[in-house]
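**Student:** Listed here are the chains, written in short residue letters.
There are 2 protein chains.
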Amino acid sequence: MISKLIQRIQEKNAPIVVGLDPMLSYLPAFLLEKAIDDYGETLEAAGEAIWQYNKAIVGAVHDLIPAVKPQIAMYEQFGVPGLIAFEKTVNYCKEKDLIVIGDVKRGDIGSTSAAYANGHIGSVTVGNTELRGFHEDIVTVNPYLGSDGVKPFVDVCREQGRGIFVLVKTSNPSSGEFQDREIDGRPLYELVAEKVDEWGKDAMDGAYSEVGAVVGATYPEMGAVLRKKMPHAYILVPGYGAQGGTADQLRPYFNEDGLGAIVNSSRGIICAYKDQKYSDFGEDRFAEASRQAVIDMKEDINRIF
Amino acid sequence: MISKLIQRIQEKNAPIVVGLDPMLSYLPAFLLEKAIDDYGETLEAAGEAIWQYNKAIVGAVHDLIPAVKPQIAMYEQFGVPGLIAFEKTVNYCKEKDLIVIGDVKRGDIGSTSAAYANGHIGSVTVGNTELRGFHEDIVTVNPYLGSDGVKPFVDVCREQGRGIFVLVKTSNPSSGEFQDREIDGRPLYELVAEKVDEWGKDAMDGAYSEVGAVVGATYPEMGAVLRKKMPHAYILVPGYGAQGGTADQLRPYFNEDGLGAIVNSSRGIICAYKDQKYSDFGEDRFAEASRQAVIDMKEDINRIF
Numbered sequence: 001m002i003s004k005l006i007q008r009i010q011e012k013n014a015p016i017v018v019g020l021d022p023m024l025s026y027l028p029a030f031l032l033e034k035a036i037d038d039y040g041e042t043l044e045a046a047g048e049a050i051w052q053y054n055k056a057i058v059g060a061v062h063d064l065i066p067a068v069k070p071q072i073a074m075y076e077q078f079g080v081p082g083l084i085a086f087e088k089t090v091n092y093c094k095e096k097d098l099i100v101i102g103d104v105k106r107g108d109i110g111s112t113s114a115a116y117a118n119g120h121i122g123s124v125t126v127g128n129t130e131l132r133g134f135h136e137d138i139v140t141v142n143p144y145l146g147s148d149g150v151k152p153f154v155d156v157c158r159e160q161g162r163g164i165f166v167l168v169k170t171s172n173p174s175s176g177e178f179q180d181r182e183i184d185g186r187p188l189y190e191l192v193a194e195k196v197d198e199w200g201k202d203a204m205d206g207a208y209s210e211v212g213a214v215v216g217a218t219y220p221e222m223g224a225v226l227r228k229k230m231p232h233a234y235i236l237v238p239g240y241g242a243q244g245g246t247a248d249q250l251r252p253y254f255n256e257d258g259l260g261a262i263v264n265s266s267r268g269i270i271c272a273y274k275d276q277k278y279s280d281f282g283e284d285r286f287a288e289a290s291r292q293a294v295i296d297m298k299e300d301i302n303r304i305f
Numbered sequence: 001m002i003s004k005l006i007q008r009i010q011e012k013n014a015p016i017v018v019g020l021d022p023m024l025s026y027l028p029a030f031l032l033e034k035a036i037d038d039y040g041e042t043l044e045a046a047g048e049a050i051w052q053y054n055k056a057i058v059g060a061v062h063d064l065i066p067a068v069k070p071q072i073a074m075y076e077q078f079g080v081p082g083l084i085a086f087e088k089t090v091n092y093c094k095e096k097d098l099i100v101i102g103d104v105k106r107g108d109i110g111s112t113s114a115a116y117a118n119g120h121i122g123s124v125t126v127g128n129t130e131l132r133g134f135h136e137d138i139v140t141v142n143p144y145l146g147s148d149g150v151k152p153f154v155d156v157c158r159e160q161g162r163g164i165f166v167l168v169k170t171s172n173p174s175s176g177e178f179q180d181r182e183i184d185g186r187p188l189y190e191l192v193a194e195k196v197d198e199w200g201k202d203a204m205d206g207a208y209s210e211v212g213a214v215v216g217a218t219y220p221e222m223g224a225v226l227r228k229k230m231p232h233a234y235i236l237v238p239g240y241g242a243q244g245g246t247a248d249q250l251r252p253y254f255n256e257d258g259l260g261a262i263v264n265s266s267r268g269i270i271c272a273y274k275d276q277k278y279s280d281f282g283e284d285r286f287a288e289a290s291r292q293a294v295i296d297m298k299e300d301i302n303r304i305f
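Just so you know, the sequences run in chain order A and B.
Read in order, the letters of the first sequence are residues 1 to 305 in this note's numbering.
Read in order, the letters of the second sequence are residues 1 to 305 in this note's numbering.
Please note: incorrect hints may appear among the correct ones.
Note that the list lumps identical chains together, so a pair holds whenever it fits in one copy or between two copies.
[What the hints assert, rightly or not] Straight-line distance between alpha carbons at most 25 Å, and here's what the computed SDA-like set of lysine to any residue pairs gives:
#1 K34 <-> A207
#2 K151 <-> M23
#3 K34 <-> G127
#4 K12 <-> G176
#5 K228 <-> I183
#6 K277 <-> N13
Derived from the structure by calculation, the hints contain no laboratory data.
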C-alpha cells in the first residue's frame, strides 16, 4: 500500500492528506437543518449531515489529493448512525480512487489487536466467505502495549498489502508528559521509533515499509531525528495549519528526494469557508472553499522543496 | 459511577467482571449455523450470532455479577453489523441492571478525545436534543498522548457521573517494552500511575475516584506498588484465568477492606463449555456452563480475603 501511496503522491504532486474530522459545529447550518427536517433531532440526522458534508468536500477536492484521513471518533460519537456515515465516507473516497487512512488509533493485545486489524484493513471470515468490516487502506495504531499490540497489525499489512502509521510523537501540547521522558539517555519516542523501524522490516513494500509513523508537525527538531531513526518509515505529519505547524517546519520530515512524509490538514481544509481568507465563497460554496484551500496548501508545502 | 460499582460488588459479593469478547470460534456451532440460515454468510449473520451468544450468557449470569466488560474490537471487526450487536449487548446488560465497562482503549487529543468520551460515556447534542451514541457506564482509556488525551474523558466522568480505567500496566508479555522502562529511577507505568492519581483528584465519587486503572493480574509485584501509588483508583485486573493469573496473585491489588479492585475473566467464563471441567454441560447448555464458571470464579477469588 505504501508504494501505491507514494505513486499517488507523485502523480498529484501533493504530499498531503485531507483530514475528514467533521464536528457538527464545522458544518454549514443548512446541512444539519436539512437532515433534521428529514430525520428529526436524531443520531441519524447527525450521520446524514456529516456524510453530505464529506461527500461535497471529497467531490470538490479528490482530483487534487492522494489520500484522505477520516477521524473515526467524529463518527463514533454518534453511535451506529455515525459509523454508517463513516462507512459511506470511506467507500465513497475509495470510489474516487483515494487512499483512505483511518485515524483510529487502535491498539490492544493479541487476538484483540488482530480483530481491529482484520476489521479495518484486513478481512473476517463468516462460514466460507471472506468479508470486510470497514474498508480503510491504512490505519493509525497506538504502541503503548508493545509488540503484542502492534504485530497483529503488521501481519495483516504484510498479508494483505495494507499499511499502518504508529503513533511515535504526537502533535499535542502534553505529548511530552510520557513520550519525551528520558530512558537510557534518550526519549521514549525514540525507543518507539526504533521499534517502528524493527517492526517495519517484516513488511517492506519497495523502498519504504508498510509500517509508518505519526510525528507531529509541531516538533520539527524531533522530526529531523526521527526521520533518520526510521529510514524506511513514511511519516504522517499532523498539526499543520490549525494546530500551529508551518510549512517551513516540515522540511526535516522529508528525505532529500522529497519523499518520506505526508502532511495532514483537517480543519484548515474542511472548514476553509469559515476562514476570513476564503469568506468570499460563503456558506453555500463551502466545498469550493475547501478546494481553494487544498490548492493553497499544495503550493505552501511544495515551496519547501 | 464508581460508588455504584462498589455497591454492586458488595451486594453480589463478587469483585468480578465478565468479559464479553465473543470470537466466532468461541460460539457453539449451532448459533452461527442458525444465523447463516437466516442472513447468509454475511456480517449481519456474525453480528446476530454473537448477540445471541451474549444474550444467553448474560441471561444466565447477570444475577451473580456486578458488571460486564464487552471488548469492542470483537464487534468492530464485523463493521456496522458488529457494532449493532455491541449496542444490543450494552443495552441488554443495562436492562439487566449490570454496570457496563466498554473495553475500548480509546485515546486521542482534545476535541477528538472529547468525541470518544461523549460517544461512549457522555452525550451528544443534535439540534436541541441530547442523545447518547453508545451507552457504556465506564470505558478503558489509553494514556500515551498524555493529559490532553485523558482529561476530556475525566471531564465527562465528572459532569455525567461516569468512570474510566486508564491503562497503566497491561497483562501481555511484551507490555514491558515501553511500560517497564526506567525514567528517573522508576518505570514508566509508575509515572502513568502518578498521573492517574492526579487526574482522579478532580473526579472523586466517595472514597474512590471515577478515574481508575488497568493493571494486569500477571504482574502481582507491580500490583502491590501500584495499589499504593493510586490510593483512590479502583483497579481493573485483566489476565486472570486463561491468561495465566491465579487468585493467589490477586491479593496485592485489593485494599485491606477487600475493596479497590475488580477482576476480569473473559474466555474462562464465556467459553467455559469448551473446558474439560464443564464438559458435562455440552454445547447446547453453554450458558449454564458459564454460570457454573462464574460461581467457581467467585469462590476462587473470595477465598483470598
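**Student:** One pair to classify: K12 and G176, alpha carbons no more than 25 Å apart. Within, between, both, or neither?
**Tutor:** neither (35 Å within a copy, 42 Å between copies)
**Student:** Please work out whether the CA atoms of K228 and I183 approach to 25 Å or closer within one copy, between two copies, in both situations, or in neither?
**Tutor:** So K228 and I183 pass the 25 Å test inside a copy (19 Å) and across (24 Å) alike.
**Student:** Indicate which option fits the pair K34, A207 if close means a Cα-Cα distance not exceeding 25 Å: within, between, both or neither.
**Tutor:** neither (48 Å within a copy, 48 Å between copies)
**Student:** As a check of your reading, is K277 near N13 (CA-CA no more than 25 Å) within one copy, between copies, both or neither?
**Tutor:** within (24 Å within a copy, 63 Å between copies)
**Student:** When no copy is specified for K34 and G127, does a C-alpha distance of 25 Å or less occur within a copy, between copies, both, or neither?
**Tutor:** between (41 Å within a copy, 11 Å between copies)
**Student:** 25 Å Cα cut-off: does K151 pair with M23 within a copy, between copies, both or neither?
**Tutor:** Intra 32 Å, inter 19 Å, cutoff 25 Å: inter-copy only.
Comparing the model with each earlier hint shows violations of hints 1, 4; every other hint is respected.
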